[in-house]
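Engineer: Here is what each chain is made of, one letter per residue.
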Amino acid sequence: MTKAFFITGRLIMATYIGVRKSLILLCFLTGIVFFGSADAQAQQETKLDLKTTVEKELKVKKQGKTVLEKVPAENSSPGDQLVYTITYTNAGKGAVVDATIVNPIPRGVTVDPMGIEGTDANVTCSIDSGRSFHAPPVMVKIKKPDGSLESKPAPPESYTHIRWIIKKPLAPGQTGQVNFKATVK
Amino acid sequence: MKKLCVFSAVLYTLTVGLAASAEAAGTLAGTAISNQAYADYKDANGNAMTRVFSNTVTVSVSQVAGINVDPASISSTAKNGDVIYFHVQSFNTGNANDSQTYTYATSGAWTPTSVRMFHDANNNHVYDSGDGPSLLQVGSLLLMSC
Chain V
1 MTKAFFITGR
11 LIMATYIGVR
21 KSLILLCFLT
31 GIVFFGSADA
41 QAQQETKLDL
51 KTTVEKELKV
61 KKQGKTVLEK
71 VPAENSSPGD
81 QLVYTITYTN
91 AGKGAVVDAT
101 IVNPIPRGVT
111 VDPMGIEGTD
121 ANVTCSIDSG
131 RSFHAPPVMV
141 KIKKPDGSLE
151 SKPAPPESYT
161 HIRWIIKKPL
171 APGQTGQVNF
181 KATVK
Chain E
186 MKKLCVFSAV
196 LYTLTVGLAA
206 SAEAAGTLAG
216 TAISNQAYAD
226 YKDANGNAMT
236 RVFSNTVTVS
246 VSQVAGINVD
256 PASISSTAKN
266 GDVIYFHVQS
276 FNTGNANDSQ
286 TYTYATSGAW
296 TPTSVRMFHD
306 ANNNHVYDSG
316 DGPSLLQVGS
326 LLLMSC
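These protein sequence lines map, in sequence, to chains V and E.
Counting from 1, position 17 in the first sequence corresponds to residue 17 in my numbering; the numbering is continuous, with no gaps.
Heads up: take any position in the second sequence, counting from 1, add 185, and you land on my numbering.
Treat the hints as calculated values from the structure; they're not laboratory data.
Cβ atoms here follow ideal geometry from the backbone N, Cα and C, with glycine treated the same way.
Keep in mind that the hints are not guaranteed to be accurate.
Calculated cross-link-like contacts (lysine-lysine; reagent style DSBU-like; alpha-carbon spacing at most 30 angstroms) [unchecked claim]: (1) 51/V - 227/E; (2) 168/V - 264/E; (3) 181/V - 61/V; (4) 227/E - 93/V; (5) 167/V - 264/E; (6) 93/V - 47/V; (7) 185/V - 168/V.
Examples of chain V residues toward chain E, derived with CB under 7 angstroms [unchecked claim]: (8) 54; (9) 94; (10) 96.
One chain only, chain V, in its complex shape (with noise of 0.2 angstroms):
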């Protein structure tokens, strides 16, 4: 008798651990599930968009005085100053981190490295086709006959990316911009 009885509690200790396992198992593997959704809604929600356009800087003379307008500039010429704007928008519902924008300089152009700007942003230039990025001016080394080296700051020519970091997240409907000047060549 007490010994069936003893048999018997142990049975009912052994469903109740056995519940609880599956109780914390089913806990475990929903927590999964539900981050899991969570990030992937994140990602579909999280949208940035990019626009760029471009504009030609003539010096006007206006009252006397010499201004810069900008116009259209599907038709330049060389020596002609064109300002290429990006815009940036966050088009989707969570926020946008870490943004990094690259603009490859296209060829017929020579950007001026002094004319980069971008609120809110760092500016970092490339001389080596995107591997490495520096503040500009970027400065090389040269070696001199004598074997010491001299910094000097790159040729404007010499420039192949500029790269622009957001320095902060970016709230859904946010929007910014960045730009430089380039010379057509």
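Position chain E against the provided structure of chain V, taking the given hints into account.
Structural biologist: Frame of chain V, contents of chain E only:
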């Protein structure tokens, strides 16, 4: 009797193609300069997102014509009946193949009996048998006889 022959550039009928060459300044006319930016970013959970690209904007390079005649004017002294040779070079400083009209003007108490222009075909800067026939008053005058 000495005569002064002054050649000052360039006024006659053109029909000569000047090829845009190493001297030509600037990107060739008609070149399309295309620009496209791209961006990498992460979502709020730190997941790297697919790279996005901007639209492409294109600037078309227009023709800018330019010619440099060197020297712009040239003078020499000669006796009556002499033939004088002037060597003149013209450079296409534009950004496209182009054609130009050449002419000449003289100054001083001197009128040439005939002016002929030759193309310095072998580019040795003198008029010799290697050069083409007279272009008369039409030509790319790299050599000129007064």
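Engineer: Each hint: holds or not?
Structural biologist: Hints and how they fare:
1. 51/V - 227/E: holds, 19 angstroms
2. 168/V - 264/E: violated, 84 angstroms
3. 181/V - 61/V: With Cα atoms ~21 angstroms apart, residue 181/V and residue 61/V stay inside 30 angstroms; holds.
4. 227/E - 93/V: This hinted pair holds, its Cα atoms lying about 13 angstroms apart.
5. 167/V - 264/E: violated, 81 angstroms
6. 93/V - 47/V: Roughly 8 angstroms separates the two Cα atoms, so the pair holds.
7. 185/V - 168/V: Violated: residue 185/V and residue 168/V sit about 35 angstroms apart, past 30 angstroms.
8. 54: Holds: closest Cβ of chain E sits about 4 angstroms from residue 54/V, inside 7 angstroms.
9. 94: It holds, given that the least Cβ distance between residue 94/V and chain E is near 5 angstroms, below 7 angstroms.
10. 96: Hint on residue 96/V: holds, closest Cβ of chain E at ~5 angstroms, below 7 angstroms.
Hint violations for this structure: numbers 2, 5, 7, all remaining hints satisfied.
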